[in-house]
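S.K.: Put the two chains together into one complex; each comes in its own frame, and the hints tell you how they fit.
Residue numbers (this note's numbering), protein chains in the order written: chain U, 1 to 639; chain A, 640 to 1006.
Simulated from the structure, these hints should not be mistaken for laboratory data.
One thing to keep in mind: the hints can contain errors.
To be verified - Here are the simulated DMTMM-like pairs of lysine to aspartate or glutamate, each with C-alpha atoms no more than 25 angstroms apart in a straight line:
1) K663/A <-> D20/U
2) K663/A <-> D356/U
3) K706/A <-> D356/U
4) K981/A <-> D101/U
5) K672/A <-> D19/U
6) K706/A <-> D692/A
7) K685/A <-> D43/U
8) K672/A <-> D29/U
9) K663/A <-> D23/U
10) K319/U <-> E747/A
11) K981/A <-> E89/U
12) K663/A <-> E742/A
13) K685/A <-> D713/A
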Amino acid sequence: MGVALAGLPMLASAVCVFDDFGDIVNPDDPSCRDVQLTYTRNDNTGNNIALGFDVPIPVDSLTGIDGFRSYQSLHERHQSLDAASTGVEGVIVGQTAAGRDIWAYRIGDTNSSTVDGVTEGAALINGTIHAREWQSPEAVTEVFEQLTEIANDGGFGQYLHENFNVVIVPVLNVDGFLQAQRFPDRTTASELQPRDGRMRRKNMRHPSSGGVVDEDIDLTADNFYGVDLNRNHPRGFGQNGGSSNNRISLVYRGPQPQSESESAALLAAADLGPANRLRMFTDAHSFSRIFLAPLIGDNRRDAITRDLVSVMRSVLNGKYRYGPSTNLIGTTADYFASTLRIPSWTLEIEPLQPGDFGTDHGHSGFILPDSEVARMRDEIADMLLAGFYTQAGKPALRAARIRDAETGEIRYDAAWVAEGAGRRLDVGINRALVPGRSYRLWLGFNRPMRWRNAQGVLTNYRGLSVPVFPYIRLQFPALAATSDQTVSGDALSWRTAIGEDGVVRYSDDALETGFIVPASFPAATPVAMIVAVDARDITGSRLDADPATSVNWSNGHWVGYEDEDGSPTDLGGTDCSFAPFVASDPTSPAPAAPDGCRETAVTPPTTPPPSGGSGGGGGASLWWLPLLSLAAVLRRRRW
Amino acid sequence: MRSPLKFVGIIAVLLAASAAAGPKTMSLGQAMKASADPRYESMARKADVLARDGDAAGLANHLATMKAEPGLADPARERLLHDGIMAAAGVQPDAALENQIRELGNYESQTLIWTDEHGYREVRPLYDFTATTRYVRRAWSEDAARSRAARSLAAGDLAVVATFARASDAEREGAVDAVREAPPGYLAIFQPALMSALDDGEPVGMFAAAVAARTRDVALMSKVLAEGAADAALLSIREIQSPAWGGESVPLLVIASARDDVGSAAVLALGRLAATEPDALNFLFRALGAASGPSAAAALARLGDDEVIARLSNVLGSQTDEATRRHALLGLRLSASQTAAKALADFAHDPEAPPRLVAEVPTWLRD
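Chain A on its own, in the form it takes in the complex (with noise of 0.2 angstroms):
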């Protein structure tokens, strides 16, 4: 019969083979210490110099070594290993550079670091090689869509509308680019197949807008207001608020501000012009006790010049509507100035005005 203490030794034995192996946890001092290499700076340069001149072949190498390099420690091999992958985005792939991500992305870190959150200790790698490789292939693919919109806009390719409604988020982010960086005598000649793809509900709507943006085309920017995706009318509202869409600025916003999604951003916006522009000014007041009201009230306290506030609280004292007049207040409310607190005071004295609107009105100006 066996000792149990020869078992117990076994187990040790194992257990520290086990505990030696596997990935250990430290500080992040500690793993900063641990990382300081000789090896480092000159590994780390290379591997920059690589990236600089876009050798992929090169740099897919250096991925190689140093994952293999012997007897670096894991927080510096790690960390060198992260830095270069980063540089990899940078860089034209071939197949070699392409492979070498692919299985560096299933690198497990063999560092990990604790963190206490209030109290609470967990670890974390310290490095996360997955995440940082699915952004390489991120960055990749939105270049090489960059230089695929790129060419289909300079040859005139309208197939470049449709490639872009079936394309990933990174694709579209690379043809969006190419948008913004084609010569606008190119772009023109989309805007029929894009309206007609808006029409159809295609979502090509960041690809429209920065097409319109492009062109100035006010058509095409009035479609995507009106029924591009949140993200592209929002885009588009802070394009359009440029002094280069001149008188358009207003009618455009309008558009927008019928939007629930993105009418309040489109409505503020219409504030900002409401100072130089009367239709904005008379549009906000007109938006009291609509369903933009709370926008435009928002929107006129920010102007907070005392017209306003004379106007504002003329619709408080003299509308019947409880929507519109809780707007006014609104406005009153935010506007921080001396002429708006009075006129506040004032309603809330008035013992004609509606209990249930005087509660609304701050108690330091009811008392």
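Isolated chain U, as found in the complex (with noise of 0.2 angstroms):
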């Protein structure tokens, strides 16, 4: 979190003096410089600040917990998983002002291929670059942690685990959140902007000697200095009031972009991607629920990051914000969106306001009680999953076949196979559907397209919303579109096992139902049938309609992903590409294919989640209220 101003002091022994910017003016100054402060949960007597509840005490526990787990069981845990399996890689990318090891993982199978032989995307996610922001890393381990055991799952968790890098940093400022684990109730300076202890932000570098500030929090002499590591680097560097050349103000930028060690460990765990395979950068913090997402001016690639934005604020019904910003500062959001192009953003873990859980201190949002810590982990694992199965790529129907239902017998095969650097469809069997019979119809796909619960039945995932059935309409172009007909989903079944007619590779990734093909239709003479299929995914992508051309990332969007039409485009479309025919003879000939759909069908959008809005104090965002009120009396009145 940036500035966090919110609060007036409340101490008469606190006298830290800020300028209008927020930086200390006396940080020389004894009664500023050396108090000492000390969190309680209903002692606010004093140099004492009353939480509301009990201050939380890192414990050693490698699992999660009701709490917040200390450094180093938070290392063990990372390097047990490590350990334990052959998808995790660790490396260590680099060392602290310290001198102490940056460890960065990279989850995901050991090849660099998707499944059906495309370049794997990855996904970049940063933890704790602000010490005293605790939530971040328990987070980004509970990212971990699912991603490791959900690998072999058998659907969502194995797709990701097999066409998909993730690269996480559970903490990249070691130094400072050691420094603030040290010190657990403890904190210096001005309940207004407590600084060292508890509430360390920096990192812990000295700028006079190039060396490191001691960690005594009694020794105050030093307490102040630190660079804020998200305000390192070069884009917006020192821009738009952002951040501050003075060595003791909280945002202090550092002496030039990507000074520290910590920033050039995050640029050495981007390469693990590597860096030109990512395709989304999170950067976890807290507070105040929000994703804080630079825009760079490249249309194609804002718009996906706030629709992705839009996906994973819907997985918790809108709960976290959504930030926009075109002000470049420093940022590692600002870094990653501008130089990679990638979807981009720093993620405010919550709460959303200071008080939410106990008193209106100004700066207890960054304490989150021990009760929440585990709803929190979990929620924003779901999330950041959310993301990654949007971005490691896109759905497209890979294969169909139609069987005569009574008899079983195939009478359409055909499916896309690879061929140079795309594919072509190979039809296999094309035999007449014949009038007046019922068949089956089964659609395999390239990757998970439903959710299930943890009972196994089909359910959403959270809060986003995916109709089960997708959109099939049977078209015959050259009849009147009155002819065609929607196939009904009474009968249709997700698959999730192997066998006839059974799952692709992943479970859910193929769906069977039926149709009938009417007794009255006109075939005296073969007429193409065109299967149109408008599908969308698990987090609501819709189909790339052209499967020919592989879909992949580059330069900020999306390649290879069309729609009906054959055009680009990031948001997919209705596939058109299977094309059996209906005839009263059985052994009727094929006659030539369609090209392509009659119409679009497309589906409606699923419902984006509820505004941002502007968090706490709306008060300020309403003054156009009376404004709008007026505009509608004027509107009214004749003059």
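M.R.: Structure follows, in structure tokens:
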């Protein structure tokens, strides 16, 4: 979080003085610099600050608890996940200012290609760049844990494991985090802008010596020092009023862009993706429940960012907000958004407001009660996993098969097969469908298309809403449109097992349904049919309408992701590539395949999450309401 | 026909009035300056004195006065109200103070300050009176529950157990405080009721944990560690590492180690005892290969002595079970000692070592 300015000093003893920017102007004044503050549950007397809940103390536990884990046990947890699986690669990507190792972990299978033979994409998550934001390492560790736990689930998790890489830096600012955990109930300076100990934000760099500040909170001479690692990157460095060149500032940007070894380590972590395959960057912070997303003026990339955030926000029914910004100030998100042109954001984890769980102390939002931590971890992981799935690739039909429902005979069988850099449609069987007969239609996709809960029941992925049944229209371009028919979802079955007309590779990557060619169908001569499929996957992406070209990510947008007209898009469309035919004579030869759909068959868009709003203090954003009322009056009036 | 200009003028006046009456947005520095009213010190001091004296009625009146004080700038008023409300948390309330706090919970902050997070500007109220008054009511609830529980404990009233199970979170906090402050002699009588309640799945874990800690009751502590809620079990794991529990610490921690939710914390706690408790050390080695194996490996690595490293090396080299070997390998990886590094390097260069395991040896020890 940046300059979290909320609340006025309540302590007579705290006499730090601030300028309008928020920097302390008397850092050498002992009555500011030497003030020692203690967090408590209820004691608000003297230099105590009541939080309204028990002060969280780091716990040694590898596995997640209702609370915060110590850095050492978090690190042990990451190492244990690494040692347990070939699907995790732990790498030391650099050292902190104090020389401690910074670790990154790449999670995904060991090859670099998707099961479709396309180069895998990747996501990078940075954790704990700001030392006091303890929600961050817990959340990103949960993501790490879940990715490894679901890697062999046969469905969603396995798909991610085989087709995507996730690089996680659980704790970038190791020195600062250790300092914050060393003093879990103590801080210094001012309640308005608490600095060292539990409320340390920056790294431990000493600006004069080039070394590090001491770790003794009682030795106050250097307590204000350190570099804000989230203002230390080149895009927007020192611009737009978002950082300070004052060495004691909470947002001191450092002497030059990427001056800090921690910043270099993050770049090295990006290379594990590798960087040119990254499609998503998250810098996990707290607090205020918002995706702060830099916009860079690239319309497609910016729109993809907005839509991707919308998907993740919908996972939690809009609990998190969307905060786009064009003012780059040297953050990590600014850097990755600008240089790699990928969706990037600063994810400010809960709470929304400082007083959501306890007292309204301006900085209490950095301290989440133990009792909220496990839920918070799960929620963040669910959001980010939805983001990974969305960016791992786009849905496409891979195969279609039609059987006579009574005899089981295959009447149509086609699949997209690899050819060079793309694919061609291989139609193995194409025999007439006969009016009056019932058929079973099987469709195979390239990824799990539906989500199941722990009990195996089809359901929405948390707050996301996707119809169980795709919109399937049987079109007959040679006839009037009234001849077309929509396939009912009554007999729909999403497949979960291997076998005849079973899954392609993953649970729920194939479906079967039934249809009847009406006996009255005018098919004296063979009539070509198009199976127009408009399906949305688990997070709402539409199909790649032209599977002949492989979907990939390049220069800030998707490539090879076409709509039904064959136009390049970032939104997909309706697949019309499978073309069986209808004829009264079952031995009739197939007519020429039609050239695409008759019409665009668009399903309604998924419901967007509630608007982000401005959060607390909404009164200021409502200034225009009286104007609206007046405008309404004026519209009615004639003069 | 009226002139449109007149309406423009009316709109401008209305908007100006609206802006004057509504909340004001400013920087924090501006809010601080605006709050520096000459009356602040005396009014704040009076609130402090009233709170210190426990004068609930006086504080209620003073809060009402500060809320209505004419000519006081909003930031100063809100700062005074906020501090006064916080002070009320430590006062035994009367009806007037309760009413005043309830009313202040609806006070809408007239001072908004902007924040500029990562280039994204938004505003927040200077003080959140809803949150602050909610906190005060919680503190009162906690205090009242503490007093009630203290009386029940002194009277040996077993109903306090059932009351705890139905209580709010704040009331439970107060009751647990009462247990921690009660003479141990008051508490033994509650053990059977607590054991029974835990058997029945009643949410009395924190109460039972506090009683067990105060009375050094091994049976009750065992029950908490085996069946209590995770928060109570976690708290108890911290408690039973105390030397006061003597030889009971290890068997109690072993009970907790079997749990999914807090088992790792228990295993790491066993690791802290393993330097002096052979039973704990042996438990950790036995745990390699089991679900708690990674935690056991970490605990052994933290010990870091050469004997432990040698035993881990032996497990890695001699066991056939892959999970056990992976956990031993993890223990060596986590150990910072040169001995462990050498053991891993030797393993990596052993032609008999399975490549799947060698792949988990850090690359700089493989080359």
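S.K.: Hint by hint, note whether the structure agrees.
M.R.: Now the hints, each set against the structure:
no. : hint              : verdict
1   : K663/A <-> D20/U  : holds, 16 angstroms
2   : K663/A <-> D356/U : holds, 23 angstroms
3   : K706/A <-> D356/U : holds, 24 angstroms
4   : K981/A <-> D101/U : holds, 20 angstroms
5   : K672/A <-> D19/U  : holds, 10 angstroms
6   : K706/A <-> D692/A : holds, 21 angstroms
7   : K685/A <-> D43/U  : holds, 19 angstroms
8   : K672/A <-> D29/U  : holds, 20 angstroms
9   : K663/A <-> D23/U  : holds, 22 angstroms
10  : K319/U <-> E747/A : holds, 23 angstroms
11  : K981/A <-> E89/U  : holds, 21 angstroms
12  : K663/A <-> E742/A : holds, 22 angstroms
13  : K685/A <-> D713/A : holds, 19 angstroms
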